[in-house]
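Here the protein sequences line up with chains A and E, keeping their order. Residue numbering for the first sequence follows the numbering used here, starting at 1 and increasing by one per position. Residue numbering for the second sequence follows the numbering used here, starting at 1 and increasing by one per position.
What the hints contain is simulated information worked out from the structure, not anything from laboratory work. Please note: incorrect hints may appear among the correct ones.
Among chain E residues calculated to face chain A with C-beta under 10 Å, some are [unchecked claim]: (1) Y7; (2) N27; (3) A28; (4) I30; (5) L37; (6) N40; (7) V62; (8) A70; (9) A78; (10) I79; (11) V90.
Please read these numbers as outputs of a predicted model, since none were measured by experiment. In this text, a Cβ means the ideal position worked out from N, Cα and C, and glycines have one as well.
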Amino acid sequence: MIDMDLYFWVFASMSVLAGLFTIAAKDALPSAMGLLTVFIALASLYLHLHAPLIAIFQVAIYAGAILILVVFVIMLLMTPGERMGVIQANASYRGLGVLLGLCLIGLIAVGTKGVSDIVSMKALPQGFGNPSIFGDLFFSDFLLHFEVVSVLLLVALIGGIYLCKKRL
Amino acid sequence: MATLTHYIVLSSILFGLGTIGFLTRRNALILFMSIELMLNAVNLMLVAFSNFMGDMAGQVMVFFIFAVAAAEVAVGLAILIALFRHVREVDITRFNVLKW
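Using the sequences and the accompanying hints, generate a full structural model.
Structure, rendered in structure tokens:
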């Protein structure tokens with residue numbers, strides 16, 4: 001049984017520290033790594049809040065897809081003054097590396113321990129947070145929203161491809 | 001015991017950090033990441049309320065925010081790359097004309 005107070009404070013302080021780093025870092029790449037730490041710390045908090053599916057999507061979509069896209073663009077646009085050596089020589093970035101490592105270890109520790117041990121023991125409706133309930137909600141109460149979002153993604157896809165043309 | 005208030009305060013702090021980053025930084029990529037930070041703060045608030053009120057609708061809303069964030073990043077970064085082709089710079093103070 002993990003102490004729930006400690007669990008909250010560890011990940012809350014991690015997310016705030018990493019958030020500060022995100023907005024204060026001089027270079028864009030370490031800033032992106034700070035944002036990654038925020039995402040992972042928040043995913044851990046979502047596990048605690050009976051939202052395992054959101055936690056998985058937080059890691060898969062935010063950390064896995066959105067942030068990788070941002071990192072690709074940073075690498076693509078990296079200005080000559082922003083060489084990797086300069087970034088690697090900065091001590092505060094190493095501190096962030098330690099923070100990110102601790103955050104990942106915490107998430108893995110929680111994952112192996114089992115989510116049921118860390119969620120709050122508050123009385124909730126049967127099956128709360130269960131992925132099958134998401135499916136039911138998507139295709140009943142939120143059907144219109146779901147369709148609108150699918151159109152939005154299609155428009156974003158077409159817009160993204162159009163904007164990347166050689167001659168705009 | 002972490003209560004709803006704890007989560008509201010944490011979420012507000014993260015949102016505030018995102019706002020400060022957005023208003024003070026000049027690197028367009030860091031502005032993007034500040035926006036992501038704000039979106040994440042809102043997500044945390046939605047999930048916390050969903051948990052403490054026992055209503056799944058909040059978690060479903062987070063999915064829609066994921067989709068909007070993905071669309072925003074895809075289009076936003078494409079615009080940034082298109083701008084970068086013209087000015088060779090990601091400093092937003094250089095983006096001061098609407099047409100080249």
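Now for the hints, and whether the structure bears them out:
Here the hint on Y7/E is kept, as its CB sits about 8 Å from the closest CB of chain A, short of 10 Å. Given the 10 Å rule on beta carbons, the hint for N27/E holds: about 6 Å separates it from the nearest Cβ of chain A. Taken as an interface hint, A28/E checks out: its beta carbon lies about 9 Å from the nearest beta carbon of chain A, inside 10 Å. With 10 Å as the threshold, the beta carbon of I30/E comes within range of chain A, its nearest partner Cβ sitting at about 5 Å, so the hint holds.
For the restraint placing L37/E at the interface with chain A, the shortest Cβ-Cβ distance is roughly 6 Å, inside the 10 Å limit, so the hint holds. Hint status for N40/E relative to chain A: holds, with the closest Cβ pair at about 6 Å, below 10 Å. Of the supplied interface hints, the one on V62/E holds, with its beta-carbon coming within about 5 Å of a beta-carbon of chain A, less than 10 Å. Evaluation of the A70/E hint against chain A yields a held restraint, the C-beta minimum of about 6 Å falling below 10 Å.
Because the beta carbon of A78/E sits about 4 Å from the nearest beta carbon in chain A, less than 10 Å, this interface hint is met. Checking I79/E against chain A: minimum C-beta separation of about 6 Å stays under 10 Å; hint holds. Hint status for V90/E relative to chain A: holds, with the closest Cβ pair at about 6 Å, below 10 Å.
The earlier numbered hints are all upheld by this structure, with none contradicted.
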